[in-house]
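Per numbering that gives the first Met the number 0, the very first residue in the sequence shown carries number 0; after that it's consecutive.
Everything labelled a hint here was simulated from the structure, so no lab data went into it. Among the hints, erroneous ones may be present.
As the list claims (entries may be wrong) - The calculated lysine to any residue pairs, modelled on SDA-like cross-linking and capped at a C-alpha distance of 20 Å, are: (1) K215 with G112; (2) K290 with P39; (3) K121 with D172; (4) K215 with M115; (5) K290 with L54; (6) K135 with I158; (7) K121 with G214; (8) K88 with Y42; (9) K121 with K135; (10) K121 with I196; (11) K94 with A45; (12) K135 with G183; (13) K94 with A175; (14) K88 with E222; (15) K290 with L80; (16) K121 with R163; (17) K94 with M31; (18) K215 with D159; (19) K215 with V204; (20) K135 with E108; (21) K290 with L362; (22) K88 with W100; (23) K290 with E51.
Claimed, not checked - Simulated restraints on C-beta separations: (24) E146 with G48: 21 to 29 Å; (25) G367 with M31: 20 to 28 Å; (26) M31 with E222: 25 to 33 Å; (27) I158 with Q321: 46 to 54 Å; (28) I346 with A161: 23 to 31 Å; (29) G32 with Q89: 15 to 23 Å; (30) E85 with Q321: 48 to 56 Å; (31) G32 with T297: 29 to 37 Å; (32) M329 with A271: 21 to 29 Å; (33) E125 with D244: 50 to 58 Å; (34) S113 with G367: 19 to 27 Å; (35) K135 with A271: 53 to 61 Å.
Think of the CB as a built atom: it goes at the ideal place given N, C-alpha and C, for glycine as much as any other residue.
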Amino acid sequence: MLADTSTSQAVREVLEGRASHSEAVWRNLIEMGAAAAAIPEQYGGAGLGYLELCLVAEEAGRHLAAVPLSSSFYLAAEAILRAGSEAQKQRWLPKLASGEWLAAIAMTEPGAGSDMRGMRTKATREGGEGGGWRIKGSKHFISHADEADFVILVAVTGIDDAGRSQMSTFLVDLDAPGVALHDGYRNVSHRGYTNSIIDFDDVYVGPDALLGEEGKGFELAGEWLGSTRLQVAATCLGRAERALDLSIQHAATREQFGQPIGRFQGVGFKLADMATELRAAELMTLHAAWKYDQGTATDADIAMAKLKATEMLALVADEAIQIHGGMGLMDELPLERIWRDARIERIWDGTSEIQRHIVSRSLLRPLGA
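Model the full assembly from the supplied sequences, consistent with the hints where possible.
Below, the structure written as structure tokens:
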């Protein structure tokens, strides 16, 4: 299906700004049940594990499908499944599973990216214990908010004994009074992922909008970010496979000095390194996804997979363009898009530096260092 619908024309419409994502691909994926994949059967889903979800993401990446599966369905479903009440699960999950509703994740702010505790959006209790909340603040870089029905919002709700911000998580309808969406920034990477700025001006939500425990939003976000980092890693695998396949084909058919360029060691060894790095990243990602399904994955397992896969894609995309020469930078080929898109993978959902920090702390903390 992806080969038939994620065509070069569909991709070009996204690149030229005539479409926010590949609509034909998106609708077909929903009809096939992709939106339901991460949701248990009792809520209308398919009940697949994260290993299977990573295989879906890998295939979508291979075909450069600009679709909001991770941000609009998988990540939102993960958050609600982890922390939601039964009433919240019954309300939100069936709508996500059917594709009727889309979600967005509203965490990032101008002053709060990697440092979540720098967040300034606040939710203030109204009416005492058991009452609702008033939300005031602004979020930016919010993927697909312009098409979403609701957001999972993280906001400051208090200060702990150490003087650090305590955060809570809320389910907020985007048509609520006081919510205003604005066009975001024009991306170099992932032009099919529109982003928006969302202002919350004294937005009221009821007590049933609180997702999980009050003051536990930081911990909850840390849990669901693990799942989305696996999705990022898996998508990188698919894109790298596409770039490698094109490079192998080009090296076998492009002739210079009377022979295919793949016979030159300078090109052949590039292909060998690209393939080796890709397979290493694939094994790390799928192994981490398998452990995630078993409940044994550590933060370091996921961080290493995300770090390896995103940096591998940067290498493979760059080498693919080098092998193709100047033609690799023309938009008649998908390589320039893969190359551009690769840059943001090392930034969003946790920078490479954050992943290295997670891994290094897992190594040193047991020794008290």
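Status of each hint after checking the structure:
1. K215 with G112: Holds: K215 and G112 sit about 18 Å apart, inside 20 Å.
2. K290 with P39: This hinted pair holds, its Cα atoms lying about 19 Å apart.
3. K121 with D172: holds (17 Å)
4. K215 with M115: It holds: about 13 Å lies between the C-alpha atoms, which stays within 20 Å.
5. K290 with L54: Answer holds: K290 to L54 is near 15 Å, not above 20 Å.
6. K135 with I158: holds (17 Å)
7. K121 with G214: Within the cut-off at roughly 12 Å; holds.
8. K88 with Y42: Answer holds: K88 to Y42 is near 8 Å, not above 20 Å.
9. K121 with K135: holds (5 Å)
10. K121 with I196: holds (16 Å)
11. K94 with A45: Holds - the C-alpha atoms of A45 and K94 are around 13 Å apart, at most 20 Å.
12. K135 with G183: Distance of about 19 Å is within 20 Å: holds.
13. K94 with A175: Holds, because 18 Å separates the two Cα atoms, which is no more than 20 Å.
14. K88 with E222: Status holds; Cα separation ~18 Å.
15. K290 with L80: holds (18 Å)
16. K121 with R163: holds (14 Å)
17. K94 with M31: holds (16 Å)
18. K215 with D159: With a Cα-Cα distance of about 11 Å, the restraint between K215 and D159 holds, given a limit of 20 Å.
19. K215 with V204: Given that 20 Å is the threshold and the Cα spacing comes to 18 Å, the pair holds.
20. K135 with E108: With a Cα-Cα distance of about 13 Å, the restraint between K135 and E108 holds, given a limit of 20 Å.
21. K290 with L362: holds (19 Å)
22. K88 with W100: With a Cα-Cα distance of about 14 Å, the restraint between K88 and W100 holds, given a limit of 20 Å.
23. K290 with E51: holds (12 Å)
24. E146 with G48: 21 to 29 Å: holds (27 Å)
25. G367 with M31: 20 to 28 Å: Violated: the Cβ-Cβ distance is about 51 Å, outside 20 to 28 Å.
26. M31 with E222: 25 to 33 Å: The hinted range 25 to 33 Å holds for M31 and E222, with Cβ atoms some 28 Å apart.
27. I158 with Q321: 46 to 54 Å: holds (52 Å)
28. I346 with A161: 23 to 31 Å: holds (29 Å)
29. G32 with Q89: 15 to 23 Å: This hint holds: roughly 20 Å between Cβ atoms.
30. E85 with Q321: 48 to 56 Å: For E85 and Q321 the Cβ distance comes to about 54 Å; the hint holds.
31. G32 with T297: 29 to 37 Å: holds (31 Å)
32. M329 with A271: 21 to 29 Å: holds (26 Å)
33. E125 with D244: 50 to 58 Å: holds (56 Å)
34. S113 with G367: 19 to 27 Å: holds (25 Å)
35. K135 with A271: 53 to 61 Å: Cβ of K135 to Cβ of A271: about 55 Å, so the range 53 to 61 Å holds.
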